[in-house]
Each structure stands twice: as structure tokens, then as C-alpha cells.
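Here is what each chain is made of, one letter per residue.
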Amino acid sequence: MSTECRMRATVNQKLTEMGERERLKELLRAKLTECGWEDQIKAHCKEVIKDKGLEHVTVEDLVAEITPIGRALVPDSVKKELFHRIKAFLAQHAT
Amino acid sequence: MKMEDMPLSGPDNTRLEALVHDIYSELVEDACLGLCFEVHRAVKQGCFFLDETDQESMKEFEIVDQPGVDIFGQVYNQWKNKECECPNCKRLIAASRFAPHLEKCLGMGRNSSRIANRRLASNNNMSKSESDQEDNDDLNDNDWSYGAEKKAKKRKSDKNQNSPRRSKSLKLKNGELGSSGSSEPYKYNYNTGINYETLGPDEVRSILSTQCGVISEHTKKMCTRSQRCPQHTDEQRRAVRVFFLGPSAPSLPDADAVVESDSFDIPDGQTLMSRLQWEDSPDISPTDSASSKASTNHSDSRRPKKKKTSLGLNSGGGVGVGVVGVGVVGVGGGGIGGGGMSGGSSSSQSNISLSTKRKRPKLSAPSITSIYDDLN
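Quick mapping for you: the protein sequence lines, in order, are chains A and B. Sequential numbering of the first sequence, starting at 1, is according to my numbering. Sequential numbering of the second sequence, starting at 1, is according to my numbering.
In isolation and in its complexed conformation, chain A is listed as follows (with noise of 0.2 angstroms):
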């Protein structure tokens, strides 16, 4: 378990430290721009923030509400895309 988490915790450094992992969210947010998920998640914060009023709407509401949609709204082309880029960055560096 231990060696799990330290093996987790080195595979992150690693990432980090590469610069990987900006590559990677870069790459990420690029893709939902394009394919309109952002779109999409912004039309139900709209709905979120009606629900809850303008005026009090908070942070942790709005995260609360919109990630779980967030993650099953990710196209599978984009899913597929990004598991490819972590494997090879981990077969490259990790082994």
C-alpha cells in the first residue's frame, strides 16, 4: 500500500516537475473548448445561479453542482485521448 502511494506520489513529481502536467491540462481544456463542453457547463451554471439567485450564489455551490455534470459531460474521444497521453508519459519515464 505504502509503496502504492509512494509509487503514486513519484509518478506525480514526476509529472510536475516535466512539465507535463500543464501540458496536459492545457491539452485538456483545449479539447473541451473545442468540442462545446465548456459551453455546455457554463448554460447549467446559468441554471444553477437562477436556482440559487444572483446575489447568493457561492463557490462551493456552484463546484458542488457543476463538477459531477462536468465529468460526465467529457466527450470519450477526449477521455481517450488524454488516458493515451498519461500512458505514454508513463511508460516513457516510469519504466
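It is worth saying that the hints were derived from the structure and are not from the lab. Source: prediction; values computed, not measured. For every residue, glycine included, the Cβ atom is placed at its ideal position computed from N, Cα and C. Treat the hints with care, since some could be wrong.
[Claimed, not checked] The calculated BS3-like cross-link candidates involving lysine-lysine, where the alpha carbons are at most 30 angstroms apart (straight line), are:
id, chain 1, residue 1, chain 2, residue 2
1, B, K59, A, K46
2, A, K31, B, K220
3, B, K220, A, K42
4, B, K44, A, K25
5, B, K59, A, K50
6, B, K59, A, K52
7, A, K87, A, K46
[Unchecked claim] Beyond 10 angstroms from chain A on every Cβ pair, some chain B residues (computed):
id, residue
8, I23
9, A31
10, K59
11, G68
12, V75
13, C86
14, R97
15, H101
16, E103
[Claimed, not checked] Here are some chain A residues the structure puts well away from chain B; computed CB gaps all over 10 angstroms:
id, residue
17, E4
18, C35
19, G36
20, E38
21, D51
22, L54
23, T58
24, G70
25, D76
On the provided structure of chain A, position chain B as indicated by the hints.
Frame of chain A; chain B shown alone:
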């Protein structure tokens, strides 16, 4: 701990998958969080709902998604089949072709003038070449197209029967038509030039008075262009005239009325012929040849004028410098362009100018006749 120790096999695979999945989830959550922060900030700053107005206007500009109609609800090829009547030519033109048609029809716009000019130019060239051919027909008895012949006959009747040019037998290739009627039977091939060996002295003189006459090295024929032809210099023309007409033949008539031929000696025939047969020098422009002789500047200034006050027994309007000698004048004068007799005419010289311009209408210079009569 080095990752290299971990073999990716069996159970580790799932662990690997889980690891990848975890990393992925982390990234997605990061994205969502970022978005939420953005939205929340926009809401709090009041710029989140800017693209939404009231319901009514929203309905009005809703995107239309019907077939045959664009997203604004307009039919896009509504005017395709309509026809409009042109106010100028009263024809029915398709709507999409209407604007270009109007441009040409009314003669305004950029392209229409260009096209018109081109058409005019080609018409001129056509008519000019026909005029050349027509005279040639008479001389050589060649059969040409009937149309050209008809035109030729018509043109000849147009000429004034009493004009002084009637006796002229010559014509310039790029100049006007020669006189009507009599044309001496000299061998004239307007394509390449005059074969001077077969000409008599009178003919030679008359040719030299109107044309460049420089003998081309390639074809051994005289140049038939005007006396200001850019291919030959005045020197060459003078030499030719001296060759044919003897040293007594005066040189080019300059504006200064200077007799240049007095000092000219005729060398051996061989060397003279070699002198005469210059290579064509296409880079000699009229202005160059003019500048080479200071005396010709005077005539150049008159070039743009189209007045036919010149001593015109022949074609060539415009102003230039030609070669004429007294002997030639005696035969019947040379071609004269605009500008008249500059510097006065002496008994030994007359200032004569020819132009290289091709688009000259016929010269009618009855007043000049009297001067020539005096010289003769």
C-alpha cells in the same frame, strides 16, 4: 524508489490503469474548478448574463433552422431568376449579371474603357494593314481578298483628284496612302523593303525623299519606314543618299539649314556599301537620333501638333527630321510633317520633317505646293 523496478505485468496493469484514471480525474476536476471560478467571478462582477436580453428580442432573433432558408429566415436565392431591364439598351438581363452589363453598356467603370481602347487599336491595325495591301495589289497585280479590294477602290475615289499628291507614286508603309492613280512600277515588297538595284535614279530619289531608305545588311533592301524610323540613324540615311545621288546630293535637312554634305567624300564603292549596310540598331529611338543632331531638337518640339501646315507632298504628319536634298526636291519634294519650313527654305535646302507616327490622317497641303513649285 525508482519506477524502473515496477514491472508492468498482470496485477500491475490494473494498478497502472487505476493510476492513469486517477491522474485523468485529477485533470478534469482541475478544469471544472477553473471554470467554476471563472463563472462565479463573472457573476459577481455582473458580466455573466450580458448576452441575454429580454425574452421578446431573444425570440425575434432566434436561429432559424428550416430547409430552403438561411439562419435569418431569408430565402437566399430569391433574386436569382429575376430579370431587369437595362435602361440603356432596353434588354432583359439576369439580376446577377446586371451590374457588369451596365458597366459595359454605359461605358463607365474600369474595364469598359480598357476594352474599348483595345478594340479601337485592333480596328486601326486591321484597317491599316488593309490599306497597305491595297496599294500593293495595284502594283503587283496580286489577288487579294475581295473585301480589301473593295475598300481600296472606295478609298481611292475618296481622294481628291486634284490634290498635289496625285503624281506621287510612293507611299509610306506606316504613313498615309499615296496618291490615287499612277504608281510607278517599281518592285515594292512592303514586307521587307525596296530592292534598290532595280530602281531608276528618279525612283530612288523619290523614295529617298519620303522614306528612310537605309539599306539593311540582311536583306540588301532599302528600309521603307519613315524618315524618322528608329532603327536607323540620320547618318545612315545621309550616307545612303550620298551613295545614290552622288556627293552633290545634300545631307539631311536640319533645322539650322546647314549643308553637311559638302565635306563628304565618296569612298570606294566597297567600303561605302559596307558603311551603308549597318546592322539594324533597334535601340536607337527617335529622341536619341534627334539628340545626336542638335539641329533636330527644333523640330521635335513640334511633334505633338497635328497641323497639316507642313510642306506635305506626301504622308507622314507630325514633326521629325527627314533627309531631303535639292535634287530630290526637284523631283517632287519629300515628305513633310508638321512644323512647316523651319528656318526658312534656302535654295539648297528645305526643312522637311517626317514623323514616325503611324496614325496620321491624310495630309492635304495645297499651300505647300507653291513653295515646292518655287524650289522646282
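These are the hints, each one checked on the structure:
A C-alpha spacing of about 19 angstroms is found between K59/B and K46/A, which places the hinted pair at or below 30 angstroms, so the restraint holds. Proximity of K31/A to K220/B is assessed by CA-CA distance (about 82 angstroms); at most 30 angstroms being required, the pair is judged violated. Under the criterion of a C-alpha separation no larger than 30 angstroms, the hint pairing K220/B with K42/A is inconsistent with the structure, at around 92 angstroms. Among the hinted pairs, K44/B with K25/A is consistent with the structure: their alpha-carbon atoms are about 26 angstroms apart, no more than 30 angstroms.
As the CA atoms of K59/B and K50/A are separated by approximately 20 angstroms, the hinted pair is consistent with the 30 angstroms bound. With a C-alpha separation of about 25 angstroms, the suggested pair K59/B and K52/A falls inside the 30 angstroms cut-off, and the hint holds. Restraint check for K87/A and K46/A: not satisfied, since their Cα atoms lie roughly 36 angstroms apart, outside the 30 angstroms limit. Distance check for I23/B against chain A: the nearest CB is about 5 angstroms away, which does not clear 10 angstroms, and the non-interface claim fails.
The claim that A31/B is not at the interface with chain A is violated, since a C-beta of that chain comes within 10 angstroms of its own (minimum 6 angstroms). The claim that K59/B is not at the interface with chain A holds, since no C-beta of that chain comes within 10 angstroms of its own (minimum 18 angstroms). Every Cβ of chain A is farther than 10 angstroms from the Cβ of G68/B; the closest lies at roughly 27 angstroms, confirming the non-interface assignment. V75/B, annotated as away from the interface, keeps every beta carbon of chain A farther than 10 angstroms; the closest lies near 30 angstroms.
The Cβ of C86/B sits about 50 angstroms from the closest Cβ of chain A, beyond the 10 angstroms cut-off, so the non-interface label holds. Even its closest Cβ contact with chain A, about 42 angstroms, leaves R97/B beyond 10 angstroms, as expected for a residue assigned away from the interface. With 10 angstroms as the threshold on Cβ separation, the claim that H101/B sits away from chain A holds: the shortest Cβ distance comes to roughly 46 angstroms. The beta carbon of E103/B sits about 45 angstroms from the closest Cβ of chain A, which is more than 10 angstroms, so the claim that it is off the interface holds.
A Cβ of chain B approaches the Cβ of E4/A within 10 angstroms, the least distance being about 7 angstroms, so the stated non-interface status is violated. Against chain B, the non-interface label of C35/A holds: every CB pair exceeds 10 angstroms, the least being about 12 angstroms. Distance check for G36/A against chain B: the nearest CB is about 13 angstroms away, which clears 10 angstroms, and the non-interface claim stands. Non-interface status of E38/A relative to chain B is broken: a Cβ of that chain comes within 10 angstroms, the nearest being about 7 angstroms off.
With a least beta-carbon separation of about 13 angstroms from chain B, D51/A lies farther than 10 angstroms from that chain, consistent with its non-interface assignment. Not every Cβ of chain B is farther than 10 angstroms from the Cβ of L54/A; the closest lies at roughly 7 angstroms, contradicting the non-interface assignment. With a minimum CB-CB distance of about 7 angstroms to chain B, T58/A fails to clear the 10 angstroms threshold, and the non-interface call is violated. Listed as outside the interface, G70/A is inconsistent with that label: its C-beta sits roughly 4 angstroms from the nearest C-beta of chain B, within the 10 angstroms cut-off.
For D76/A, the condition that its CB be more than 10 angstroms from all CB atoms of chain B holds, with the nearest at approximately 12 angstroms.
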